[in-house]
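Asks: Produce the complete structure using the sequences and hints provided.
Mapping to numbering that gives the first Met the number 0: the sequence shown position 18 is 17, numbers consecutive.
One or more of the hints may lead you astray.
[Claimed, not checked] Simulated crosslink set (DSS-like; lysine-lysine; CA at most 27 Å straight-line): (1) Lys18 <-> Lys75; (2) Lys122 <-> Lys18; (3) Lys125 <-> Lys75; (4) Lys125 <-> Lys108; (5) Lys122 <-> Lys108; (6) Lys75 <-> Lys131; (7) Lys18 <-> Lys118; (8) Lys131 <-> Lys118; (9) Lys108 <-> Lys118; (10) Lys18 <-> Lys125; (11) Lys131 <-> Lys18; (12) Lys118 <-> Lys75.
[Claimed, not checked] Each pair of labels, with its calculated beta carbon distance range: (13) Ala30 <-> Asp60: 20 to 30 Å; (14) Arg134 <-> Gly97: 14 to 24 Å; (15) Ser165 <-> Arg127: 31 to 41 Å.
Simulated from the structure, these hints should not be mistaken for laboratory data.
Just so you know, these numbers come straight off a predicted model, no measurement behind them.
We put the beta carbon where it would ideally sit given N, CA and C, even for glycine.
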Amino acid sequence: MSILIITESYFGNTSAIAKAVAEGITDALGAGQASIVTASEAGATLPAGLTAAIIAAPTHDFSLPTPRTREQAQAKGATANTTRGVREWIEALQPVTGLPVVTIDTSTKTRFTPGTASKTAYKLLKKRGFTKARRGPSFHVAGIPGPLLDQELLRAHQWGQGFSNSL
Numbered sequence: 000m001s002i003l004i005i006t007e008s009y010f011g012n013t014s015a016i017a018k019a020v021a022e023g024i025t026d027a028l029g030a031g032q033a034s035i036v037t038a039s040e041a042g043a044t045l046p047a048g049l050t051a052a053i054i055a056a057p058t059h060d061f062s063l064p065t066p067r068t069r070e071q072a073q074a075k076g077a078t079a080n081t082t083r084g085v086r087e088w089i090e091a092l093q094p095v096t097g098l099p100v101v102t103i104d105t106s107t108k109t110r111f112t113p114g115t116a117s118k119t120a121y122k123l124l125k126k127r128g129f130t131k132a133r134r135g136p137s138f139h140v141a142g143i144p145g146p147l148l149d150q151e152l153l154r155a156h157q158w159g160q161g162f163s164n165s166l
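Replies: Right, here's the structure in full:
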C-alpha cells in the first residue's frame with residue numbers, strides 16, 4: 000500500500016497533523032507506506048500505484064487558503080511562504096477516478112462552522128472527477144497561529160491508523 004499526504008501549512012499546525020497521520024499509517028501498515036509532500040511541491044499528476052491520498056489544509060475564512068488569506072497569514076507571523084496551495088493544486092490536478100481521497104483540515108473549534116478547508120477541498124475534488132473523494136475530520140487549533148488543542152496529535156495518529164485499516 001502507498002498513501003500520499005498532500006499538505007499546506009503556515010503556522011506548522013497542519014504539517015504536524017499530517018506527520019501524526021503519516022505515523023499512524025506507518026504503525027498500521029509498516030515503514031514506507033506513507034509519504035508527505037507540500038501542495039507547492041506536488042505535481043499535477045498523482046504518482047502511479049497509490050492506494051489512497053489524503054489532503055490536509057488549514058481553514059482560512061471558512062474555506063481553503065487563497066492568495067489574500069495567505070498574505071494575511073504572513074502578516075500574522077506565518078513562517079511558510081507559498082504561492083500555490085491546495086486550492087491551486089487541486090485545480091491543476093489530473094483526475095483519478097476510483098482513487099480514495101480524503102480531505103482533512105485544521106480549524107478553530109466553534110459551535111457552528113459554516114465551512115472548512117476539508118469541505119471546500121472535497122467539493123473541488125468532486126468537480127474535478129474524483130469519484131471516491133470524501134471528507135475526513137477537522138483537527139482543532141486554539142487560534143489562528145495555534146497551537147493545536149490537547150490530544151489533537153494523538154487523535155490524528157489514531158485517525159491515520161483507522162484510515163489505513165479501512166482500505
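Asks: Against each hint, give a clear statement of whether it holds in the structure.
Replies: Against the structure, the hints come out as follows:
Note on Lys18 and Lys75: the hinted pairing holds, with a Cα-Cα distance of about 24 Å set against a maximum of 27 Å. Our distance criterion of 27 Å between C-alpha atoms is met by Lys122 and Lys18, whose separation comes to about 24 Å. Proposed proximity of Lys125 and Lys75 is contradicted: the alpha carbons are some 32 Å apart, above 27 Å. About 26 Å separates the Cα atoms of Lys125 and Lys108, which keeps this hinted pair within 27 Å; it holds.
Restraint check for Lys122 and Lys108: satisfied, since their Cα atoms lie roughly 21 Å apart, inside the 27 Å limit. Annotation: proposed proximity of Lys75 to Lys131 is violated, straight-line Cα distance about 36 Å (limit 27 Å). Using a Cα cut-off of 27 Å, the hinted pair Lys18 and Lys118 holds, with the two alpha carbons roughly 21 Å apart. Distance hint between Lys131 and Lys118 is fulfilled; the C-alpha atoms sit about 14 Å from each other, no more than 27 Å.
With a CA separation close to 15 Å, the supplied pair Lys108 and Lys118 stays within the 27 Å bound. A C-alpha spacing of about 25 Å is found between Lys18 and Lys125, which places the hinted pair at or below 27 Å, so the restraint holds. Annotation: proposed proximity of Lys131 to Lys18 holds, straight-line Cα distance about 23 Å (limit 27 Å). A distance of roughly 24 Å separates the Cα atoms of Lys118 and Lys75; the hinted pair therefore holds under the 27 Å criterion.
The hinted window of 20 to 30 Å between Ala30 and Asp60 is violated, with their beta carbons roughly 38 Å apart. With their beta carbons about 18 Å apart, Arg134 and Gly97 fall inside the hinted range of 14 to 24 Å. Ser165 and Arg127 have their C-beta atoms about 23 Å apart, which leaves the hinted 31 to 41 Å range violated.
Violated hints, listed in ascending order, are 3, 6, 13, 15; each of the other numbered hints is respected by the structure.
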